[in-house]
Structures are given as structure tokens and as C-alpha cells.
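Engineer: Each protein sequence line maps, in turn, to chains A and B.
With the first letter of the first sequence counted as 1, position 178 gets the number 1538 in this note's numbering; the numbers rise by one all the way through.
With the first letter of the second sequence counted as 1, position 92 gets the number 1354 in this note's numbering; the numbers rise by one all the way through.
Calculated from the structure, these hints are not laboratory results.
Warning: the hint list may mix true and false statements.
[Unchecked claim] When the alpha-carbon atoms are kept at most 35 Å apart in a straight line, the in silico DSBU-like pairs for lysine-lysine are as follows: (1) A:Lys1533 x A:Lys1518; (2) A:Lys1442 x A:Lys1533; (3) B:Lys1489 x B:Lys1386; (4) B:Lys1489 x B:Lys1435; (5) B:Lys1386 x A:Lys1533; (6) B:Lys1531 x B:Lys1489; (7) B:Lys1531 x A:Lys1533; (8) B:Lys1303 x A:Lys1533; (9) B:Lys1435 x B:Lys1485; (10) A:Lys1442 x B:Lys1303; (11) A:Lys1518 x A:Lys1442; (12) A:Lys1442 x B:Lys1386; (13) B:Lys1435 x B:Lys1531; (14) B:Lys1485 x B:Lys1531; (15) B:Lys1303 x B:Lys1386.
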Amino acid sequence: MFDTAMTLNDVMFLAQGAGMTILVTLIAVVCGTVLGIIFGVVRYQVGPVWAAPLTFFLDVFRSIPLLIQLVLTFAFIGTVMKIRISGFSVACLVLTLYTSAYCAEIVRGAIESVPPTLRRASRSLGMTWGQDMRHIVLPLATRVAFPSWIGLALSVMKDSALVYVVQVTELLKSTQILITRLQEPLFLLMICGAFYFLISFPIARIGGYLERRWSND
Amino acid sequence: MESSHMDSNTRQGEEKDMKISTLTIAAVSATALTGPAFADKLDDIIASGTLRCAVVLDFPPMGSRDENNEPQGFDVDYCNDLAAALGVEAEVVETTFPERIPALVSGQVDVAVASTSDTLERAKTVGFTIPYYAFENAVVANEGVEMSSWEDLQGKTVGATAGTYEAIWLEGKIDEWGEGEFRPYQNQADVFLALSQGQLDATVSTVEVAEANVASGNYDGIKIVDKAPMVPDYVGLITLRGEYGLIDYMNLFINQQVRTGRYAELYEKWVGEGEPADLTIQGVYR
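With the hints as constraints, model all of the structure from the sequences given.
Structural biologist: Here it is as C-alpha cells:
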């Protein structure tokens, strides 16, 4: 099983794929989180009735499989809008909106978890809405949201394997390319799994560490 | 290049018309507004500077990957040649066989250079060029057997993978001649093994498989005798059905590839020595 035709070249090829996975994930998680916080705050602030269109829009991203979103978005931009766009841009765009839809839910839930009495108290003390959000809601809500957010980041990292359908050669696609050439599926999938583990394990550990540190003060 | 030049000429013509009357101004400006929609795929490719080809990369020798995992093969070179003729960069987009047509229709690629058999069913969806390649079948024999042409198959023990086109043809011939024996096998590797060990006198397989198996050295004592007189599997380049400008261009391009000897050169590079398949069909146009 360990007698393989794989060369150092191929390991570098896989590493490049892993780099693409990290890049796509990073862009999606950073942009998606920023958007998600905005959407989440807006949804909480305007109330369920006024937020209905936004809620519907976000639900679309949460309920349609990512694979279908990617294919349809690429086809829509390419054939209906007649814009030549790279698969990478489509991947980042769709994955960002997908992340933001989940992140908005996390943010909304976290804001709701801050006791209303506490917030009323802060406003009674003369704090503005902004001050209340920054000094009261932010520290408390972040502690609630953080573990789910780490979970979201890790799941987006693994979901990013689907961007191969828009011609982005990320980790899983590079593995498939090597499987086609070398015909060693089990060995290569093990290496691919190891790469995914190497990426997600530190994130999970840092997440766990921060969680513990923040719960002490 | 030429077509974009012509395009700018017509635009200049339109600008002169605009001075003639207000009516024409209205009509022409309407045309000018929708202008880009008139540019066809050929113009789009030249303007964008990139030709995106769908190529199947698990189908050697037509498409595969080299040791640096870069695309290579007959179809990859053909795409590069087409891009060079258009004066643009080639971008090879890997697709599987079932994904070729969806990739075209969804606008992910401009053309598919992917050994697509020109069936009438597919022609309902996409536009085919004239054939740019044809998969022929070869008679492969054990070196110990005296054979000089495919007709020497008569009276021999032959075999092929059960149920395939080649197997049906061989079995039919054996029945027709009334002598010799046909043996079916589970897969092609078994057929070549039997041939190499002398259990079979001869078999029929595609020229590409035959050449690859002879070259691989995995099967000692086999040789290619002749081409089998079966109808070749003609394959064409495909693009969207309505893109006549591009289809015309590619038809001429295929013609040029053959007449300049590039077709034979690519055949020798990727398939092997010998004559590439004739891309014309006796007795009919196109």
C-alpha cells in the first residue's frame, strides 16, 4: 500500500490544492462573517416583519445545496448576464453568501441571548445604542457566538471541496486528478484527509483555547 | 483579428448614417445600444483573449496529465492549435464525458475538444464541426501467427471483450466465414494477455488501445497487422448550436490542420506510426 508512484512533485501539487482550499475558505469566512454580522444585527434590530425579505434571501442560501448554488450562479452570470467570470470569483462569491447566511443566524441568536434587562439597564445609564452594542452586547454575544462560528468556519472549509464544479482546483480536485493518473485511490484519499486534518485541527485547537480563556474573566 | 476589424468598419458606417435623418438616428442608436449582442461567440473569444476548451483528461492518448499534472494529449494540442490560430490564449477546462455538453450550454467553456462522437441525438443540442479525428479499429495478432491483412482472420481463433462493438463484428465475421473460433472475454486486459500467451491468434481493438498496449511492453509477442474495415467512430469539435461563425471557422481550421500535415504530426506524436484515419467519407458531401 505504501509502495507508491507518487513523487515530490505530486505532493507539491496537493499542497497547491490545499493552498487554494485555504484561500477560498479565508475569503469566504472573512467576507461572509462581515456580511453575516451586518445581516444578523439588521434582522434583530428591525424585527421579524421588516426583516422578512432578508430572512427569505438568507434562507434560500441555507436551504439550496451549495453544489446547485455554484452551478446555477456560474451559469447565470455566464449565459444570462453574458459576463465572462472566473470560476474562482464565482466560488468566492457563492461561498461568501452561503457563509453569511449561516453567520447571520449565529449573530442573531447571540444578540438575543444577551438579557434584555441588562441592555435596558445600560440604556438607562445613558448609553447610546452604539455604546450599548459595543460595550454590553459585543462582549457577551461574542462568547455565545464564538464556538458556533468556529464550527461554521470548519464546515465552510470542508464544503469548499464543492467548488471544483466551477473549475477551481482545490484540495479534493487535485486529489482526484492524481487518482486518475496514479490509480491509487485509497492512499491518495488518506493523504488528502491528512491535509484537511492539518488545516482544521489548529483552527479547532485555537478555537478551544480562546473559548476557555474568555470564559475565565 | 479580421472579424473585429470588420466590426469596427460597420460601426463607423453606422456613425455616418446618424447624420442623415432623425429617423435613422433613432433606428441606428437602437442598433448601437444592442450592439454587443450582435457580436457572436467568435468575436467574444477574440475580444476576451482566451479560448476555453473542454477536454476530457482521463482518456489517453487524447487527453491525460503528465508527471507535473499538466494537461497533455491529442485534444490538448488541438485546443492549443485552435487558440494559436485565433491569436488567443488557450485555457483547458477539464470535464468528464457526461459534463462536456452541460459545460458548453452553461457557458463555462467556448468549445469542447473532447473526442465527441457526432451523433444525430447530440446534434439536436450542440453544433458539430466536420470530423477532426476518427477512431479506427486495428487487427492485432500474435507474432507467431502468419497474417498480413485483416482478411487473414479467416479460420483463426479470435477473441474480444464480450458485448463490445469489436466482439459483435468479430463474431459476425466468424459466422459469415463458417470457420475459426470466437472467444469472449471479461475485459480487454484478459484479451491481450490471452493474445500474448498464444491462446488467441488475433483480436480487434481501437488503434489507440492497440498502439498503447504494444508500446507498453506489458504484452510480449503481439503486433498490429492491419486496420479492420469497420465504420470508424468519427468525432467532431462542438460548440453552441447557433454559433455558425465559430463552427465555420473551426471547419476551416480542421481542413487546414489536415492539409498542413499537422493532423498527421499529432497522430504520430500521440497515437503512433502509421496513417491517421481518413476524415472524408466516400460518396457523400461533408
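Engineer: Each hint needs a verdict: does it hold in this structure or not?
Structural biologist: For each hint, the structure was consulted:
Between Lys1533 of chain A and Lys1518 of chain A, the direct Cα distance comes to roughly 13 Å. Compliance with the 35 Å bound is thereby established for this hinted pair. Restraint check for Lys1442 of chain A and Lys1533 of chain A: the C-alpha separation of about 27 Å stays at or below 35 Å, so the hint holds. Of the supplied pair hints, the one linking Lys1489 of chain B and Lys1386 of chain B holds, its CA atoms being roughly 32 Å apart against a limit of 35 Å. A threshold of 35 Å between alpha carbons decides the hint, and for Lys1489 of chain B with Lys1435 of chain B the separation of about 15 Å falls inside it, so the pair holds.
At most 35 Å may separate the alpha-carbon atoms for a hinted pair to count; Lys1386 of chain B and Lys1533 of chain A meet this at roughly 32 Å. Straight-line distance between C-alpha atoms of Lys1531 of chain B and Lys1489 of chain B comes to about 19 Å, which keeps the hinted pair within the 35 Å bound. Taken as a hint, the Lys1531 of chain B and Lys1533 of chain A pair is honoured in the structure, with Cα atoms around 28 Å apart against an allowance of 35 Å. Distance restraint check for Lys1303 of chain B and Lys1533 of chain A: the Cα-Cα separation of roughly 29 Å lies within the 35 Å cut-off, and the hinted pair is therefore satisfied.
For the hint pairing Lys1435 of chain B with Lys1485 of chain B, the CA-to-CA distance comes to about 21 Å; that is within 35 Å, so the pair holds. Distance hint between Lys1442 of chain A and Lys1303 of chain B is fulfilled; the C-alpha atoms sit about 11 Å from each other, no more than 35 Å. Distance hint between Lys1518 of chain A and Lys1442 of chain A is fulfilled; the C-alpha atoms sit about 31 Å from each other, no more than 35 Å. For the hint linking Lys1442 of chain A to Lys1386 of chain B, the alpha-carbon distance of about 23 Å falls within 35 Å, and the restraint holds.
About 33 Å separates the Cα atoms of Lys1435 of chain B and Lys1531 of chain B, which keeps this hinted pair within 35 Å; it holds. Note on Lys1485 of chain B and Lys1531 of chain B: the hinted pairing holds, with a Cα-Cα distance of about 19 Å set against a maximum of 35 Å. Of the supplied pair hints, the one linking Lys1303 of chain B and Lys1386 of chain B holds, its CA atoms being roughly 19 Å apart against a limit of 35 Å.
Going through the hint list in order, the structure satisfies each hint without exception.
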